[in-house]
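Student: Below are the chains, spelled out letter by letter.
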Amino acid sequence: NAGVTQTPKFQVLKTGQSMTLQCAQDMNHEYMSWYRQDPGMGLRLIHYSVGAGITDQGEVPNGYNVSRSTTEDFPLRLLSAAPSQTSVYFCASSYGSFYGYTFGSGTRLTVV
Amino acid sequence: AQTVTQSQPEMSVQEAETVTLSCTYDTSESDYYLFWYKQPPSRQMILVIRQEAYKQQNATENRFSVNFQKAAKSFSLKISDSQLGDAAMYFCAYRSGGATNKLIFGTGTLLAVQP
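Chains as they are written, first to last, in this note's numbering: chain A, 1 to 112; chain B, 1001 to 1115.
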């Protein structure tokens, strides 16, 4: 099993550009989430999904969109990149409450 | 809304000694789960230990154990016989047992292990 796969691993964007961070899992997990990690702030929840077709906002959703058309994929879209979105982004998936989330290896995004 | 607080930004321990990392949380829910994750310099998030809120018995995984005080909303992690490989950032996390199943993190504690 590949687990949770995130692409790309590194990305540099110019202010105003848009892009999609890809996330795929092959474990048939219902729950998927996107986090951003900034120094001193831990991991903050951007958006999450409890199943295909169902998404909701987390703590810091502004500037990001998500969709969940299949169980496996949960892409994160940056609509118009800003320097404040420079961060490390993690995608994670889980089977149920008892189980911890399995994390991808992260994407380091720099917006210049 | 639920919150998770880690009040120790950095900790240090001597190799082979024991260290305890603190975590408190705030919630009005009765059904929830608590986790500790480890993040080494590789950036990978690794699940260390989990605790179900309905269980009074503290969870243990080899050298890692927790002290779960439900009334005080406290969930500390004890690492015994510390090893150089334990050096990492440690995150405490809360997961709702309800429909949302959101996982919320504290700000982390950076643990250094001195040889």
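Just so you know, the hints here were simulated from the structure itself, not pulled from any lab data. By construction, the Cβ of each residue, glycine as well, lies at the ideal position given by its N, Cα and C atoms. Do not rely on the hints blindly, as some may be mistaken.
With the C-beta cut set under 7 angstroms, the calculated list includes, among others, these residues of chain B facing chain A [unchecked claim]:
| # | residue |
| --- | --- |
| 1 | F1035 |
| 2 | M1045 |
| 3 | R1050 |
| 4 | Y1054 |
| 5 | K1055 |
| 6 | N1101 |
| 7 | K1102 |
| 8 | L1103 |
| 9 | G1106 |
| 10 | T1107 |
| 11 | G1108 |
| 12 | L1110 |
Okay, derived cross-link-like pairs now, SDA-like style, lysine to any residue, Cα gap no bigger than 25 angstroms in a straight line [said to hold, decoys possible]:
| # | chain 1 | residue 1 | chain 2 | residue 2 |
| --- | --- | --- | --- | --- |
| 13 | B | K1078 | A | P39 |
| 14 | B | K1102 | A | R108 |
| 15 | A | K9 | B | K1078 |
| 16 | B | K1102 | A | L13 |
| 17 | B | K1055 | B | S1076 |
| 18 | B | K1073 | A | R108 |
Some but not every residue of chain A turned toward chain B, in silico, with C-beta under 10 angstroms [to be verified]:
| # | residue |
| --- | --- |
| 19 | E30 |
| 20 | G40 |
| 21 | G63 |
| 22 | V88 |
| 23 | G96 |
Student: So, for every hint listed, does it hold in this structure?
Tutor: Hint by hint, here is what the structure shows:
| no. | hint | result |
| --- | --- | --- |
| 1 | F1035 | holds (5 angstroms) |
| 2 | M1045 | holds (4 angstroms) |
| 3 | R1050 | holds (6 angstroms) |
| 4 | Y1054 | violated (11 angstroms) |
| 5 | K1055 | violated (11 angstroms) |
| 6 | N1101 | holds (5 angstroms) |
| 7 | K1102 | holds (6 angstroms) |
| 8 | L1103 | holds (5 angstroms) |
| 9 | G1106 | holds (6 angstroms) |
| 10 | T1107 | holds (4 angstroms) |
| 11 | G1108 | holds (5 angstroms) |
| 12 | L1110 | violated (10 angstroms) |
| 13 | B:K1078 with A:P39 | holds (24 angstroms) |
| 14 | B:K1102 with A:R108 | holds (23 angstroms) |
| 15 | A:K9 with B:K1078 | violated (33 angstroms) |
| 16 | B:K1102 with A:L13 | violated (29 angstroms) |
| 17 | B:K1055 with B:S1076 | holds (15 angstroms) |
| 18 | B:K1073 with A:R108 | violated (34 angstroms) |
| 19 | E30 | holds (8 angstroms) |
| 20 | G40 | holds (6 angstroms) |
| 21 | G63 | violated (20 angstroms) |
| 22 | V88 | holds (7 angstroms) |
| 23 | G96 | holds (7 angstroms) |
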